[in-house]
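K.L.:
Given only the sequences and the hints, what does the whole structure look like? Please build it.
Protein chains: 2
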Amino acid sequence: MLRANDPNLHSWIQISATSEFPIQNLPFGIFSVGDQDARVGVAIGDYILDLCVLGQEGLFELLDIDPTVFNRSFLNDFIALGQPIWRAVRERISVLLRNDNSEIRDNDALMHRCLVKQVDAHMHLPVKISNYTDFHTSLESATNVGLLFRDPENGLTPNWKHLPVGYHGRASSIVVSGTPIHRPKGQIKFKNSPLPTFMPTQQLDFELEIGFITGTNTALGTSISTAEAEEHIFGLVLFNDWSARDIQRWEQLPLGPFLGKSFASSISPWVVTLDALDSFRVAGSLQTPAVLPYLEYTGNKHLDINLKVYLQTSPEPSALISQTNTQYLYWTMNQLLAHQTSNGCNIEVGDLYASGTISGSEPDSYGSLLELTWNGSKPILLPNGTIRTYLEDGDTLIFKGYAEHNSVRVGFGELRTKILPAI
Amino acid sequence: MLRANDPNLHSWIQISATSEFPIQNLPFGIFSVGDQDARVGVAIGDYILDLCVLGQEGLFELLDIDPTVFNRSFLNDFIALGQPIWRAVRERISVLLRNDNSEIRDNDALMHRCLVKQVDAHMHLPVKISNYTDFHTSLESATNVGLLFRDPENGLTPNWKHLPVGYHGRASSIVVSGTPIHRPKGQIKFKNSPLPTFMPTQQLDFELEIGFITGTNTALGTSISTAEAEEHIFGLVLFNDWSARDIQRWEQLPLGPFLGKSFASSISPWVVTLDALDSFRVAGSLQTPAVLPYLEYTGNKHLDINLKVYLQTSPEPSALISQTNTQYLYWTMNQLLAHQTSNGCNIEVGDLYASGTISGSEPDSYGSLLELTWNGSKPILLPNGTIRTYLEDGDTLIFKGYAEHNSVRVGFGELRTKILPAI
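In order, the protein sequences belong to chains A and B. Each residue of the first sequence is one higher than the one before, counting from 1 in this note's numbering. Each residue of the second sequence is one higher than the one before, counting from 1 in this note's numbering.
Just so you know, the hints here were simulated from the structure itself, not pulled from any lab data. Each hint should be verified, as a subset may be incorrect.
Any copy will do: because identical chains look the same in the list, a pair fits if it lies in one copy or spans two.
[As the list claims (entries may be wrong)] Straight line, CA to CA, 20 Å or less: simulated PhoX-like cross-link-like pairs of lysine-lysine:
hint	residue 1	residue 2
1	161	191
2	161	189
3	301	128
4	418	378
P.N.:
See below:
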């Protein structure tokens, strides 16, 4: 076990037992306060630790890194330093925050400069996304969507259990939690009309996903094995692959999703390192039929992360509309990276690889409204009496995700997005 | 007409009448000589004009730009300066190279420093590609591929004439002409086997395409009209969307092309500005049925660019295997950009938007081996007696493209790629 993950560690900062940001987490993000430049920070309890200040004060001096790497508006330059540095920095931060360490604790001026309350900070997109692939790794969701979208008799395509099905997504339109989304317009083809209409989507949906960020540049022509994959994975984010189902349905044949998805995707501000999630590994179910050798792996590569979706129909309180867990995904992160690079495709620092919609086997565990409402045929009744099939203007959608074990909760915070009317 | 396009202009540099780089072209690229840093250059006849040197010598002083923008390993920072600067720089270069201008012509030392023979230079990827979309805008190719890949009865999907069908491609694996490509491996499903096999592709194909590079960052939620589109387009490149047809066929359902394409794509080293192609505009055929209002446009938006594909089966001379023209494309560049952004998707400096395979109506004008050999059923017989269905290791494929009018030929040079064995 990594020392920084020890459940017995405690910080000199007061942290609630239900906080998603205990000393065992230490997720990285980009924040600013007021007019100050955006910079790298680490979440700890209700605070953000300002790594830019720590760098200026020489607190990373023994690590042999350029401390100005924390004075950037994206994590990419830090991530590019590689796994040994990610680990050394996280371990150093863990040491600085432990209740037996006095370097910050007993230096009032420094403490004042390097700790910012999260409520006072503005969070930015943590990573400049270089390339973005969206997979569809949940057997339950792939079956549901196949039944609803493609073939009412047979949800899964013949290839689905042999390879992680995926497609290239649009990187430019990925935004951080808190960024409102305008309802997109697009071509919609109604069954009773011979021609398509250009109008705001009437089927605005979310997709509950988790994504991972890579931290290396590999050479074109080379592949990453399942055994090597984790050296390339910096951390994970909550991810919402917004979807306009009516636009998607009309455009999708023959080349796949395009404008029905590219209007926006949202990620959580905090990137939880794969190291911090190490304590929450579990075994997955046996993959049957057996996968090809390049997709075989050993060890516990699934993660036990609880995911919840809340819908707030302004100005009402939010209602839980789905809950599921990443451990039920069919394909693992290391299989995704091995498959992505099996043809020699290179990866880059800041790539995002997302899981696709995560659905469990029960209807209240489905990760999209398409599935939850069975394409609108079973509307959701919220506790306040409101009915929803798809999202309406003014709605706010909130994803939460955390792992918990030995009374330690490691989470992502919120991914929160408000829907605005079409422009 | 832009002054720099005047067919009566002549340079003090001797340029062959059949050169694709007369003073009316002035395409931009990134080059280096020996150990020198990569920098921005412009092709003129058999030479490259070193803009980095011209900047150092103050020859762009009146343009109010930072001349170090030419001392970069990608064109992106220059492109980001916007259309008025692209035009001013091209006009300034045109003036400097005209036979009546003495600033370089009569300065032997400067001429020596700023002119490099193309044969002595190494060309680099001209643009750091931010996002890449591949459309499929040729009616003939879409019909052919649909018949071969999807439905032997009906090539076109119902949406095809209503919107430019496209998908997001992989940006990281786009390389410049001269970069050899290793035959990719992947999952292939043979008809006589119940399970897929992981092996080198047996159906390695090219796709003859043209692409355009955008030069602006737009805001998420905004759209670009067909009338505004050209302000955002810096220039065009030859583009080869390498495809492994057997890998593509097995993986493509339900989310579209993925690893069958992402192992590599190739672009020409020279970006020919949209301004330089202004003299070669032609009207397209009427689009029937009429397009939706957001896709309507006025003016001549098609380009008359001759395209040729040569195959060299080492060490034989190359043979012409296809020739076609961009003017037959169904959808125009301004329609592609209007469609891409119609849902509010933002564009970025350095985005690449490609045409998809360009095929004419005759079998010798098809832009891929899939079509030329009708999926291998009609092998090509080369003049040297060699037979090809798909590409073999050691083959070299060459795209050429140029427009010609009033004895002025404006071209892209070569896009040349050699196929190496699988690793």
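K.L.:
Hint compliance check: list the failing hint numbers for this structure, sorted ascending.
P.N.:
Hints 3, 4 contradicted; others consistent.
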